[in-house]
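**Student:** Build out the structure end to end from the sequences listed, making use of the hints.
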Amino acid sequence: MDLFSNLAIGFGVAFTAQNLLLCFTGCMIGTLVGVLPGVGPVATIAMLLPLTFGLDPTGALIMLAGIYYGAQYGGSTTAILVNIPGEATSVVTTLDGHQMARQGRAGAALGIAALGSFFAGCVATLFIAAMGQPLTRLAQLFGPAEYFSLMIMGLVFSTVLARGSIFKAGLMVLLGLMFATVGTDLETGQERMTLGIPRLSDGIDFAPLAMGIFGFAEIIRNLESPEARDVLHDRIGRLLPSWDDIRQSAPAVLRGTLIGGLLGILPGNGAVLGPFASYAMEKKLAKDPSRFGRGAIEGVAGPESANNAGAQTAFIPLLTLGIPPNAVMALMVGAMTIHGVIPGPQVMTKNPELFWGMIASMWIGNAMLVIINMPLVGIWVKLLKVPYRLLFPAILVFCCIGIYSINNSVEDLYFTAFFAVVGYVLIKLGYEPAPLLLGFVLGKLMEEKLRQSLILSRGSFATFIDRPISAGLLAVAAIMLIVALLPSINRKREVAFQD
Amino acid sequence: MKKTSMLAAAVAVSIAVPAFAQTYPTKPITMVVPFAAGGPTDIIARIVAEPMSRTLGRQIVIENVAGAGGTTGITRASVAAPDGYTIMMGHMGTHGAAPALYLKLKYDPARDFAPVGLAAETPIIIVASKTHPANDLKEFIAWARAEGDKANHAHAGVGSVSHSTGILLDSILGTRPTLIPYTGTGPALNDMMSGQVDYMTDQIVNLVSQINAGTIKAFAIATRVRSAALPGLPTTREAGLDNYEVSAWNAIFAPKGTPPEIVAVLNDALVKALDDPDARKRLDELGAVVPDATGRTPAALQKLVESEVARWKTVLTQATATAKP
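Chain order of the listed sequences is A and B.
Using our numbering, you'd call the opening residue of the first sequence number 1 and step up by one each time.
Using our numbering, you'd call the opening residue of the second sequence number 1 and step up by one each time.
Treat the hints loosely; a few may be bogus.
[Unchecked claim] Calculated cross-link-like contacts (lysine-lysine; reagent style DSSO-like; alpha-carbon spacing at most 27 Å): (1) B/Lys27 with B/Lys303; (2) A/Lys168 with A/Lys428; (3) B/Lys256 with B/Lys303; (4) B/Lys130 with A/Lys350; (5) B/Lys217 with B/Lys281; (6) A/Lys350 with B/Lys217; (7) B/Lys281 with A/Lys350; (8) B/Lys150 with B/Lys217; (9) B/Lys256 with B/Lys104.
[What the hints assert, rightly or not] Sample of chain A residues lacking proximity to chain B, with all beta carbon distances greater than 12 Å (derived): (10) Gln103; (11) Arg221; (12) Arg247; (13) Leu266; (14) Val397; (15) Leu485.
[Said to hold, decoys possible] What follows is a list of derived Cβ distance ranges for each label pair: (16) A/Gln190 with B/Ser171: 13 to 23 Å; (17) B/Arg311 with A/Thr181: 28 to 38 Å; (18) A/Asn408 with B/Thr294: 33 to 43 Å; (19) B/Ser171 with A/Asn408: 33 to 43 Å; (20) B/Asn243 with A/Met131: 20 to 30 Å; (21) B/Glu139 with A/Val421: 52 to 62 Å; (22) B/Lys303 with A/Met131: 53 to 63 Å.
Don't read these hints as lab results, they were simulated from the structure.
Heads up, the beta-carbon is just placed ideally off N, CA and C, and yes, glycines get one too.
**Tutor:** Shown next, in the form of structure tokens:
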């Protein structure tokens with residue numbers, strides 16, 4: 001069979017001493033980069049790009065890909081331990097992951113995140129190998145109208161993300177959407193709400209917003225109550241998830257892998273929705289949804305699997321279409337081009353060693369990541385024992401270095417400081433930041449796709465209903481919203497949160 | 001003729017160099033690339049910077065400062081110390097179209113820089129979706145004129161190369177299609193492959209693999225000669241459209257006030273880089289066109305900038321695409 005002979009080529013390429021070493025190096029760097037708050041894979045790959053000039057293209061790409069998915073693994077560590085989401089996709093992990101850490105179950109959370117990611121990575125790799133080509137065609141059914149409807153569905157998830165009042169969550173989503181409209185207008189090039197600050201003409205960056213509103217605000221809040229600070233490092237608990245944990249998480253991992261993997265195929269950065277969708281699903285399916293937001297292990301396992309599956313399947317549009325779905329993939333395009341492989345539909349037939357070698361190395365990389373990460377769990381958890389007077393300044397410094405490194409811009413640090421104050425005020429008023437980030441992340445794409453579809457339809461909103469996929473997505477969104485807002489269910493919900 | 005000018009340049013350099021040869025460069029040089037890593041300008045910068053570093057004996061470090069169509073990075077680099085340790089890779093947008101698009105632009109492309117030299121030009125190609133009814137440029141022009149605003153013209157965002165060159169095409173054809181803005185070539189191409197939008201123009205680098213794979217149709221390349229990367233594609237002139245000749249050029253600039261001796265050292269390194277077989281091969285694969293000896297001088301670049309600023313001012317103001325404050 002074709003698939004097996006192709007995979008054989010791939011493993012032949014990936015299992016050379018040089019490529020194994022490169023894969024390991026990439027995964028190791030990626031893990032470290034992911035753990036350092038702020039330093040994202042984009043900045044790292046950009047910095048390391050010149051180092052790969054001496055390598056052959058396959059080896060170089062194997063290493064760069066390793067950095068990318070290594071960072072996805074590492075990113076969950078920071079989200080769980082210090083409540084700082086390094087990337088949009090780890091926002092959800094902070095919800096229950098950090099709560100688990102506060103309850104002394106950091107080891108279990110980190111362990112399940114690694115295992116779930118490993119499973120998702122393996123499945124997604126097989127998926128790419130077997131289905132990459134046909135799925136590409138499916139992805140092309142998604143035009144602007146479909147993306148817009150998908151984002152609407154995504155926004156409805158926010159009602160599920162909220163730990164407290166749906167009303168407050170809705171307000172935060174709107175605030176997030178509003179933040180997303182800052183910047184240059186897509187169609188006219190006019191600046192909107194930039195207050196004359198040149199740096200804002202491209203909009204607010206995710207990292208300063210997320211670091212400020214989550215990380216820095218959390219630190220300020222921790223500093224004001226000395227007792228609350230001790231919760232974290234007194235009780236470390238067991239380092240690995242128990243069998244019970246694993247049994248409880250297994251279905252979540254399966255579902256997360258499926259959702260994340262499917263959304264990752266979309267060339268319009270659908271992967272970003274994966275963890276949100278998975279979290280929403282787990283909370284809906286759970287017997288006792290009130291556990292969510294208070295350290296439910298499924299709330300870590302599902303989204304983490306979705307995240308990693310999406311991170312891997314995001315290679316499908318890149319490798320089969322030559323369309324990069326996100327900033328990291330755009331950078332991979334550059335890396336491939338510099339190495340003389342111009343990405344596009346022909347990579348698979350013209351450079352089969354590269355294509356299949358990369359896919360095989362993804363599987364190897366995932367295995368390596370578990371081996372790298374499982375022993376590290378112990379070390380990370382011990383980090384929590386570091387006194388806060390040392391830990392906090394260190395986190396702040398690393399965050400600042402990371403934010404600066406993204407765009408070599410000092411202004412980004414001021415923005416982070418500003419959002420830290422915003423975040424602190426929001427926490428004090430009882431508003432949660434996660435729905436805000438969801439609104440922000442989806443906002444830009446949503447506006448872009450809304451306007452594109454309306455220009456294409458010459459202003460007719462019927463386009464969203466005339467197109468079957470779009471109509472289907474909107475229907476799902478409407479049903480979810482009705483269920484969430486039904487008064488009886490709502491009342492039950494309020495009760496659940498008041499105990 | 002070529003020989004004499006090169007000789008003259010060599011003499012000029014050899015006269016200028018002694019005083020500075022020992023002193024410049026003594027530390028790594030920063031090259032500001034005003035776009036995200038991985039884009040066409042970044043790729044060209046990296047390909048050229050590598051052999052330049054070898055000639056100069058010091059590393060050229062690429063610093064990506066993206067934003068506002070490249071003007072953020074150029075603004076920052078334009079006020080750097082003019083000591084030769086900060087240079088930048090400008091392009092058609094930042095040093096040509098920007099004054100027409102950004103009324104609050106803080107630099108003047110023709111006055112605030114010490115031009116070092118043109119690095120490469122990447123030709124523009126007119127492409128359309130695979131299902132487009134036209135089979136060649138003539139049919140396409142007839143189609144565009146007949147469709148009027150029913151035609152969907154995609155571009156990669158206001159201020160992008162794809163936007164400016166696309167508007168130039170429409171103004172030459174005298175058509176007013178509906179413009180569909182995207183945030184980059186990738187998403188625009190994706191919607192074109194699935195037939196949601198009809199056509200666009202962009203740099204060859206971004207399109208060559210899709211054209212070769214047959215996922216999109218190419219009508220013509222807007223250069224005087226055909227590209228080695230796509231030998232089967234006629235030039236606009238061959239296909240019957242005389243005045244649409246445009247390319248996204250990338251050139252190295254230093255901040256205004258950089259001593260001419262230093263500029264000469266940098267220009268010499270650039271010229272050597274463009275003749276480096278490996279760099280040349282990579283640029284050829286991208287479809288980028290390396291300038292000939294006369295096009296590599298600082299004076300030639302200054303002339304190019306002036307003519308481009310004037311050209312885009314006319315085209316873009318007419319199209320009222322100006323970003324007002």
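**Student:** Under the constraints set out in the numbered hints, which ones does this structure not fulfil?
**Tutor:** When the structure is compared with the hints, numbers 1, 13, 20 turn out to be violated.
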